[in-house]
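Go by the hints and put chain B onto chain A.
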Amino acid sequence: MRINKKKFLDTLTPVFSIAAVFFIWWLISLFLPPVRLPSPIAVIEKWVKSVFYYPQVSMYAMGGRNFNLHLLSTIRKFFIGVSIGVFSGICFGLILGWSKMLREFFEPPLEIIRTIPSLAALPFFLMWFGPRESSQLALVSFYCFTMLVINTINAIKNVSPKFFRFALTFGATRGQVYRTVIVPAIIPEIIGGIRVALAVSWGFVVLAEYMGAGYGVGRLIMSFMPFLHTIGIFVGIFWVILFAFLTDFLFMKLIAHPLTAWMPH
Amino acid sequence: MKSKVKIKAEGLCKIFYSEQNEKNTVFKNLNLEIYDEEFVSFIGPSGCGKTTLLNIIAGLETCTEGKILINNQLITKPGADRGMVFQENAIFPWRKVIKNIEYGLEMRQINKQNRRSIAKEYLKLVGLEGFADYYPKELSGGMSKRVAIAMVFANNPDTLLMDEPFGSLDYVTKVELQKELLKIWQKERKTTLFVTHDLEEALFLSDRIFVFDKNSNVVEVVEVPFSRPRGEEVRNSKELLEQKKLLWRYF
Chain A
1 MRINKKKFLD TLTPVFSIAA VFFIWWLISL FLPPVRLPSP IAVIEKWVKS VFYYPQVSMY
61 AMGGRNFNLH LLSTIRKFFI GVSIGVFSGI CFGLILGWSK MLREFFEPPL EIIRTIPSLA
121 ALPFFLMWFG PRESSQLALV SFYCFTMLVI NTINAIKNVS PKFFRFALTF GATRGQVYRT
181 VIVPAIIPEI IGGIRVALAV SWGFVVLAEY MGAGYGVGRL IMSFMPFLHT IGIFVGIFWV
241 ILFAFLTDFL FMKLIAHPLT AWMPH
Chain B
1 MKSKVKIKAE GLCKIFYSEQ NEKNTVFKNL NLEIYDEEFV SFIGPSGCGK TTLLNIIAGL
61 ETCTEGKILI NNQLITKPGA DRGMVFQENA IFPWRKVIKN IEYGLEMRQI NKQNRRSIAK
121 EYLKLVGLEG FADYYPKELS GGMSKRVAIA MVFANNPDTL LMDEPFGSLD YVTKVELQKE
181 LLKIWQKERK TTLFVTHDLE EALFLSDRIF VFDKNSNVVE VVEVPFSRPR GEEVRNSKEL
241 LEQKKLLWRY F
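Chains A and B, in that order, are what the protein sequence lines are.
All the letters of the first sequence, read from the start, carry residue numbers 1 to 265 under this note's numbering.
All the letters of the second sequence, read from the start, carry residue numbers 1 to 251 under this note's numbering.
Next comes chain A alone, as it looks inside the complex (with noise of 0.2 angstroms):
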């Protein structure tokens, strides 16, 4: 009974912290124009109609255009992005944590590029690949790409050399080591890495779409920007928070949890 009281408070103080971030909202909004800060039950209002009827797309953004093509061109551009990043990123990263003289080549150019942020490189993508769904792709996936190749390496680094000593005393060979200790071993790292690289990644490519592209809620909330349709930029704002919370939430439960059940808490 006590742990249940404990668990409903737990599920409650979120609750109460985001109801009252929404509560000094609407407070300030109270002494603004809605131009500069909407008030949260129109936003939320505008938020939940937007997938049947947003008549200010065709108005401002490119006419007779729908509201729910740009929310799904965002969340393709999300999902092939990271896709190829991440998974060539992870093979990539397998590579080098095999051969140490690829390794020995690869990673200072890598730890250069690294401290590179993705997002002041945007501009080449923008001029090698122009305006179009491609550069917003290659951002997403080069950002994906070296966050997780060097995840992978640090993660390979960090396994402990108690357990592939143990292996190799069974007479396990050196591919058998790799197979059974070290890619086991990474996975919760790797996991780590994967979820920073997927919540990144939803701002990357509306940054992307902000400078210049056709779709996207990036380029609805560009085109929103000079008609002063604040309001519109908010429910922008909204999906892409729902898009990144539904993503985190799902990788966690359908990927993460069941590789790691292994791991103690």
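One should not assume that every hint holds.
Under the rule of at most 25 angstroms between Cα atoms (straight-line distance), these lysine-lysine pairs were calculated in the BS3-like manner [unchecked claim]:
| id | chain 1 | residue 1 | chain 2 | residue 2 |
| --- | --- | --- | --- | --- |
| 1 | B | K137 | A | K157 |
| 2 | B | K137 | A | K253 |
| 3 | B | K112 | B | K99 |
| 4 | B | K96 | A | K162 |
| 5 | A | K162 | B | K77 |
| 6 | A | K100 | A | K162 |
| 7 | B | K99 | A | K162 |
| 8 | B | K67 | B | K6 |
| 9 | B | K137 | A | K162 |
| 10 | A | K157 | B | K77 |
| 11 | B | K174 | A | K162 |
| 12 | A | K100 | B | K77 |
| 13 | B | K174 | A | K253 |
Hints in this document: simulated from the structure, not taken from any laboratory.
Relative to the frame of chain A, chain B by itself:
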């Protein structure tokens, strides 16, 4: 019976270099012979190189000079013929208990059915029948040690290297595991090299005890007089106490 030499060290020398490039010599000129099916213990102060010796025999480290032979073959790398139980808990946390025990067999590509039945047999032998599908995180320290022992025995090595395997356990668990180890050893008769700090443990388990000093010289080889199989009465016997006193002189 003690005729065939199993492991032989000749003029063994091991030099380590610390990070400050300081030279640290562990063995100067170590010679020893261990016979087939013998149970020997290595005792001595910390840092005297007992673990290093075991690692060299396991093939995890190389010696600087001299040579070490097993069945008259030079040891160059680790192999399934030498199983090792480490001081730290090294069983694989991502594998369930039964999969851990199958590990060595899996590496040697033994088919699934055979390795499952062998693993089950050893799981039973260490008294963990009900824990096949547990993850190591759900086991106590003593149970994890049992799994490690089952893993090593299931792989059927002919030499067993044990590096303070029970060092971190409480007394009761330790005594219990010593009994179990002796029981399995009695059945399978593997040449066993056992590193320990515990004199009682060394006397209870071994045929011979190698006593090292802090400069890693063997100062004494004690023949343990108790007959086998040994029961709990040996542990509390007057003779064991006397032997213990004799060994104390070297510390």
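Structure-based check of all given hints:
For the hint linking B:K137 to A:K157, the alpha-carbon distance of about 23 angstroms falls within 25 angstroms, and the restraint holds. Distance restraint check for B:K137 and A:K253: the Cα-Cα separation of roughly 21 angstroms lies within the 25 angstroms cut-off, and the hinted pair is therefore satisfied. Only pairs whose Cα atoms come within 25 angstroms are accepted, and B:K112 paired with B:K99 is accepted, the gap being roughly 11 angstroms. Between B:K96 and A:K162 the CA atoms are separated by roughly 18 angstroms; this keeps the pair inside 25 angstroms, and the hint holds.
A C-alpha spacing of about 16 angstroms is found between A:K162 and B:K77, which places the hinted pair at or below 25 angstroms, so the restraint holds. At most 25 angstroms may separate the alpha-carbon atoms for a hinted pair to count; A:K100 and A:K162 meet this at roughly 20 angstroms. Between B:K99 and A:K162 the alpha-carbon distance is near 18 angstroms, which keeps this suggested pair within the 25 angstroms criterion. For the hint linking B:K67 to B:K6, the alpha-carbon distance of about 14 angstroms falls within 25 angstroms, and the restraint holds.
In summary, the hint linking B:K137 to A:K162 is supported, as the alpha carbons are separated by about 17 angstroms, within the 25 angstroms threshold. Taking the CA atoms of A:K157 and B:K77, the gap is near 22 angstroms; set against the 25 angstroms cutoff, the hint holds. Note on B:K174 and A:K162: the hinted pairing holds, with a Cα-Cα distance of about 22 angstroms set against a maximum of 25 angstroms. About 20 angstroms separates the Cα atoms of A:K100 and B:K77, which keeps this hinted pair within 25 angstroms; it holds.
This hinted pair does not check out: B:K174 and A:K253 have alpha carbons roughly 41 angstroms apart, beyond 25 angstroms.
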